[in-house]
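Chemist: Just so you know, the sequences run in chain order R and A.
Numbering-wise (our numbering), the first sequence opens with residue 1 and increments by one.
Numbering-wise (our numbering), the second sequence opens with residue 1 and increments by one.
Simulated from the structure, these hints should not be mistaken for laboratory data.
Keep in mind it's a predicted model, so treat the numbers as computed, not measured.
Quick reminder that beta carbons are idealized off the backbone N, C-alpha and C, glycines included.
Check before you lean on any hint, since a few could be wrong.
[Unchecked claim] Below, a sample of chain A positions facing chain R; criterion: calculated Cβ distance under 10 Å: (1) P71; (2) L76; (3) L93; (4) G107.
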Amino acid sequence: MTLAYSFKSAFQSLCREKWINILSMLTVASSLLIITLTAFFLYNVELVASHLPDRFSLVAYLNDNISQEEIQGIVDTLKRRDDIAALKYISKDDAIKELKQTLKDTRYILEGLNENPLSSSIEIRLKRDFVTSASAKRISEEIKKVSGIDDVYYGEKVAEAIYLLKKSLQNMSIIIFITISTGVVFVAYSTVKILFYRRKEEIEIIKLLGATKGFIRMPFLIEGGTIGFFGGILGIIGALLFYLAITYRLSMVIPMLKTLVFPLEILILLPITGIALGIVGSVIAIGRLKL
Amino acid sequence: MIAFQNVSKYYEHQGVLKNITFSVQKGEMAFLTGPSGAGKSTLLKLMYLAEWPDEGDIVIEDFHLQSLKPPEIPLLRRSIGVVFQDFKLINNLTVFDNVAMALRIKGVGEKEIKNLVSVALKKVHLRHLSDSYPRSLSGGEQQRVVIARAIVTEPLVLLADEPTGNLDPNTSIDIIKLFEEINLQGTTILIATHNRELFRNTGRRVLKLDGGNLVGEEVG
Chain R
1 MTLAYSFKSA
11 FQSLCREKWI
21 NILSMLTVAS
31 SLLIITLTAF
41 FLYNVELVAS
51 HLPDRFSLVA
61 YLNDNISQEE
71 IQGIVDTLKR
81 RDDIAALKYI
91 SKDDAIKELK
101 QTLKDTRYIL
111 EGLNENPLSS
121 SIEIRLKRDF
131 VTSASAKRIS
141 EEIKKVSGID
151 DVYYGEKVAE
161 AIYLLKKSLQ
171 NMSIIIFITI
181 STGVVFVAYS
191 TVKILFYRRK
201 EEIEIIKLLG
211 ATKGFIRMPF
221 LIEGGTIGFF
231 GGILGIIGAL
241 LFYLAITYRL
251 SMVIPMLKTL
261 VFPLEILILL
271 PITGIALGIV
281 GSVIAIGRLK
291 L
Chain A
1 MIAFQNVSKY
11 YEHQGVLKNI
21 TFSVQKGEMA
31 FLTGPSGAGK
41 STLLKLMYLA
51 EWPDEGDIVI
61 EDFHLQSLKP
71 PEIPLLRRSI
81 GVVFQDFKLI
91 NNLTVFDNVA
101 MALRIKGVGE
111 KEIKNLVSVA
121 LKKVHLRHLS
131 DSYPRSLSGG
141 EQQRVVIARA
151 IVTEPLVLLA
161 DEPTGNLDPN
171 TSIDIIKLFE
181 EINLQGTTIL
191 IATHNRELFR
201 NTGRRVLKLD
211 GGNLVGEEVG
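Chain A on its own, in the form it takes in the complex (with noise of 0.2 Å):
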């Protein structure tokens, strides 16, 4: 579950998220669309604490980030997966250690890792680059490097921001695919894109967000 009530961030005096009210139900698979610089990779920031809300507060599950204390912050980030927009790979680790990495954080086993690492990388179609070098791949073959290692720790919440930026129609609707399919077991997922084309027709609720205000919603 994720909840905004009245959150507001500046940048040097300016607004850039004003006054920001909105929920997304637990299980719930839902898009945040606007221009760029509406805000939309601003408001995912503040919900995994890259940036701190100015005003307001947000609840990710059980989680209040007004109320968090300094050690509990890692523990927030690890109930999240994040994709995103600009990949954030370790370029001297192979794509199996990228994707491991989120678990390794979590303290889980080698063995585990090597079989959840390789689920995970088999979902993006990627398995046959696990030794590969994040350098040595596309921008689309990053980008899925990137969901492999937001999804495979299962998360209780997925974000994504621009998670198609990189990637050709036909590879972009498989991706929404994928984020579908793990919405169905239960994961609470917000998209941030500007790219109508991602949510039509889904029947998802469609948040709109416009120079920092949420301007209203639709369904997709």
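Chain R on its own, in the form it takes in the complex (with noise of 0.2 Å):
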């Protein structure tokens, strides 16, 4: 029953002070809002970058003269390892043609050669988890070592580049999270205090008649997470408005924008974190109760 009419009390009070509660809706909404593009940015550019490790391989050269069983002993060992996910061995046939392709016109530079001077190689994937530079590094000199291995050539800098991408748009999202939610619990705290204030003398009075601090609470809590939940839907709206805008007209300028995915879980995610966050602001501003 004091739920019940805690809720009540809320929602008058919302409706009574309504300009000021639209007011930290919308300020919530936009807020939310940069989160949710922030959100939709990152995981695209996570969704391209996650594509990134597949194509990361190191390049295992052979001996020249290896026989076909020492090549199989080579993949096999490699095999054991947990480390690598794929592996395709090249042989100095393929290798040459393949740099054929590659020159194309300028092929001509090959003429004149009496023999392939190019290595059998093995191509190596590795486990995504191993895509950084101290792991390839380290990978690269534990398969130097295997018996009939040459050199080992792995692209240091691109590892780097994909590891670096990805911390940086983990650390991003954290900081803009957080500058963010601290902005929304500032909204909420600001919207609450100002109604706990204008209240005050109602406050006074329902201590005296035997209110407890939940009771008072309460109502102001709601307050908040009603102020945080409709700031997380019109932050939705405008998210998706965003979305639409984007895949439907600037697509036509720009192709590539059709492929953007929204990620669905912020539908769900948004309007809660306004709520927790509301209800954060409301605990702030109603602070320690004194009866």
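Could you use the hints to bring the two separately framed chains together as a complex?
Modeler: Written out as structure tokens, the structure reads:
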């Protein structure tokens, strides 16, 4: 019964002070929209970045005049490692064919060569978690020790870039989330503080009638949560409008935008985040009550 | 039951209540009288802890105020019905909701609230004004709303601070009769008033306060 009264009281207050509440909801919505757009951007960048490790590979060059049995032995040794996702053997002949195909119009460079100067090699793709500069270096050094392998090449800078890109994206999203969340908490705090002071006299009266701290606090927590919830809903509407605008309108100019994905989890997460931040702001605003 | 034992209260080192000792028995109805500034309102405020005593001990029914823990304060206040001198009505709530507030705080169900508030408003002859807001009522009507709010919870103790201050003589007598009816049901009542007409010929005990001292008692 007390909870029902708290909800009624909160909604009466939300209607009574509608302008300040609408303003707060719009401010919260704008803040949450920034979070959503950041999440939307990062989600898509992460989606693209997540395919990069698949394209990263090490190349183990084999000694000349290596027998077929020895090659099979090397492949078996490498397959036993738990950091390798896939292997591909490239013979000397395949390597020169591939080079010729790559050079196309400038293949005359290779004319005059009496023999194939390329080595046979094994292309190694690492598991995602091992695509870091440090791991690639360690693995390449270990592989180099395998008998029959002459040298190992890997794109150190590529590995480093992939790793840094992932890390920076994570850090950036954390910083943006914390900053904007603090802003949302502050908006809820200010609004509830104003509402609290406007009802100070009423609160003093109900204290004298025997109200508990919980009875006094509950309507304000509900108000803060409601502001956050509707802020979240408005944020979703804003984000969807933005998504539709870029996928339908802007994609005519930049076709790549058509491939952007809207993370559906946001539809649930945003109102929940709004409620949580609104309640946190309210708790801080009411502070310690003295009976 | 109300019991004061050597209770003193100071404001900026000035004693507004000095070494007060008295008791009002369970089920008794008594008056507290004295001139303005005698300390009547302060004495009542000490009982529902709007003010805290600086010395001495106060017992209200089962509550020993000296050793009361903060979470117990709401329980004490719910056991006491208070008719405040300055009404303390919530202006954005209707008469019905103002009276119902005391019950909602206790967690009473809405259906029961409807019946209890209706009965309380009938007792103070205000049922027809239940949808009105306090600001649209006269001083006397507001005072009766406060009385309805104080009695609706059927408290163990009823404290009234100048409960007839804004009422005409006839209505004042009606209110005292109402208090007597409530007292018949076993509620302990203490009424603070400077109006001697209220307790004349009532046969009730009258405690006399002057300059913060309890200077004696008489039978009205």
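Chemist: All hints are to be evaluated individually against the structure, with a verdict given for each.
Modeler: Hints versus structure:
no.	hint	in the structure
1	P71	8 Å, holds
2	L76	8 Å, holds
3	L93	8 Å, holds
4	G107	5 Å, holds
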